[in-house]
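Peer 1: Next come the chains, spelled out residue by residue.
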Amino acid sequence: MRALYTWSAIFAIVLTSVVGDILLSRAMKEVGDVGQLWKRCGFLPVVKNTLCNVNFLLGLMATALAFFSMLFALSWGEVSLVAPAAASLTFIGNAVAAKIFLHEKVDRRRWIAASLVAAGVALLAG
Amino acid sequence: MTFRKYLVLGGVTAFAASGDSMLSHGMQQTGAISLHHLPRVILALQNPWVAIGILLLLGFFTSYMVALSWADLTYVMPATSAGYVLLALIARFVLHEHVSVLRWLGIALITGGVGFVAGGPEITTDSGMEAAAEPTRALAREEMLATAKSTGHDARGGVES
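Listed in order, the protein sequences are those of chains A and B. Under my numbering, the first sequence has 40 at position 40, and the numbering climbs by one with no breaks. Under my numbering, the second sequence has 80 at position 80, and the numbering climbs by one with no breaks.
Because the hints were derived from the structure by calculation, they are not lab data. Any given hint could be a false lead.
[Claimed, not checked] Derived pair list, reagent style BS3-like, types lysine-lysine, alpha-carbon separation capped at 27 angstroms:
1) A:K99 to B:K5
2) B:K5 to A:K105
3) A:K39 to B:K5
4) B:K5 to A:K48
Construct the entire structure; sequences and hints are all you get.
Peer 2: So this is what it looks like as structure tokens:
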């Protein structure tokens, strides 16, 4: 039963962080290259455009939710299981979601990279 | 990829690794926080390690957003996971902790993954490449206002103090 709780908490972390990352990535693509915009328009318009972006605010909320689900999960399960499991599943989830929702061309090179990093993060906890 | 962009990716890595370790060090000093002792969170903020950790994580978030403004999510994520390697190396050579064979294997896998993705292009979406090349409509408008102001024709009519 405890394992079920822990894994549903891990699932909640992965889901909220993937949703957050996708929304934040989309938001920043809408804002555009921050370095160039800063040079062109100054610092404040860049900050204003970012903070007024709906996707950015939603992504921020999802990231905050991910943070709180992490806190809950850590109070139920062990750090050595929760943290690496959530991190490596988020890597895979982000690769799949970026392909579907952001239309990134996740080629073989990127799949290998995402899997290697996910496996490596899982091993680091061992 | 310019030097400045590599600097931003390095910033994401360094801020995440240092912020996490400061926060973890500080939270171990303040002790466990349960749902029944929520006010303790505020006490934890007074711990200098926790406070510095939070500032560093704000730096992480900012550089992460900057990186996402010109690179794919599937590029930034692996490229910045070098932070895990950094943490393990700090644990071994600064804190002199024992790092097991499995962990060294994990470090090797992450390094390999980072190398793999860093060898490819940083952006692959059409909309992303357009956004990186030119400002959005809202910012183009701001830009117009700014040039109007600088040439003496304030479009907003004397809002400027």
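Peer 1: For every hint, state whether the structure bears it out.
Peer 2: Status of each hint after checking the structure:
Only pairs whose Cα atoms come within 27 angstroms are accepted, and A:K99 paired with B:K5 is accepted, the gap being roughly 23 angstroms. Restraint check for B:K5 and A:K105: the C-alpha separation of about 21 angstroms stays at or below 27 angstroms, so the hint holds. Straight-line distance between C-alpha atoms of A:K39 and B:K5 comes to about 15 angstroms, which keeps the hinted pair within the 27 angstroms bound. Only pairs whose Cα atoms come within 27 angstroms are accepted, and B:K5 paired with A:K48 is accepted, the gap being roughly 22 angstroms.
Against the hints set out earlier in the document, no violation occurs for any number.
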